[in-house]
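Colleague: Sequence:
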Amino acid sequence: MKGIAICFIVMLILQLATPFWWWTMLVPFLFGMLGATSAWQGARTGMFSAGLLWLSAGLFYWLTASQIIAARVAKMLGERFEVESVILVFALTTMVAALAGGASAATGFWGRELSAVKTNRA
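Going by the numbering used here, the sequence shown opens with residue 67, and the numbers climb by one from there.
It is possible that part of the hints are untrue.
[Said to hold, decoys possible] Estimated spans, in silico, between C-beta atoms of each pair:
| id | residue 1 | residue 2 | range |
| --- | --- | --- | --- |
| 1 | GLU148 | ARG178 | 42 to 52 Å |
| 2 | ALA71 | GLU179 | 17 to 27 Å |
| 3 | ILE72 | SER181 | 21 to 31 Å |
| 4 | LEU158 | LEU96 | 22 to 32 Å |
| 5 | TRP88 | ALA157 | 18 to 28 Å |
| 6 | ARG138 | THR103 | 17 to 27 Å |
Treat the hints as calculated values from the structure; they're not laboratory data. C-beta atoms are modelled at their ideal positions from N, C-alpha and C, and glycine is treated no differently.
All chains, full assembly: derive it from the sequences and hints.
Modeller: Encoded structure:
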């Protein structure tokens, strides 16, 4: 739980300070490399923190004046999936961020494990 909160706060600060979207992958990767005790724990932390960040950002923007944009995106998705819903936009956005954060955190853990194996062989 601490890892989720730390990753979320660090990503939030970096998202507010810089215009780069890829913090949702870099911060969980670093957590996976430096703080995760297993690949699943790293992936879970990355998934929850990145998904929660994008969900909260989407809700914030939607509540502060972006209803028109969300409705247009929902309409475009509705043409493809035959479901015109802003909730679908939030769900897809959250899932994309969660998958990216989880995969990057697991990759960070596996990278650390791989480098430890190579160091032990030498």
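Colleague: Indicate whether the distance between the beta carbons of TRP88 and ALA157 respects the range 18 to 28 Å.
Modeller: Holds, at about 22 Å.
Colleague: Taking 22 to 32 Å as the hint, is the beta-carbon distance of LEU158 and LEU96 inside that range?
Modeller: Holds - the Cβ-Cβ distance for LEU158 and LEU96, about 26 Å, lies within 22 to 32 Å.
Colleague: So the hint says 17 to 27 Å: do the beta-carbon atoms of ALA71 and GLU179 match that?
Modeller: At 25 Å between Cβs, range holds.
Colleague: Range first: 42 to 52 Å. Now tell me if the beta carbons of GLU148 and ARG178 are that far apart.
Modeller: Given a distance of about 44 Å, which is inside 42 to 52 Å, the answer is holds.
Colleague: Could you say whether the range 21 to 31 Å given as a hint is met by the Cβ separation of ILE72 and SER181?
Modeller: Between ILE72 and SER181, where Cβ atoms are some 23 Å apart, the hint holds.
Colleague: Falls inside 17 to 27 Å, the C-beta gap from ARG138 to THR103?
Modeller: violated, 43 Å
The structure does not agree with numbered hint 6 stated previously, though it agrees with all others.
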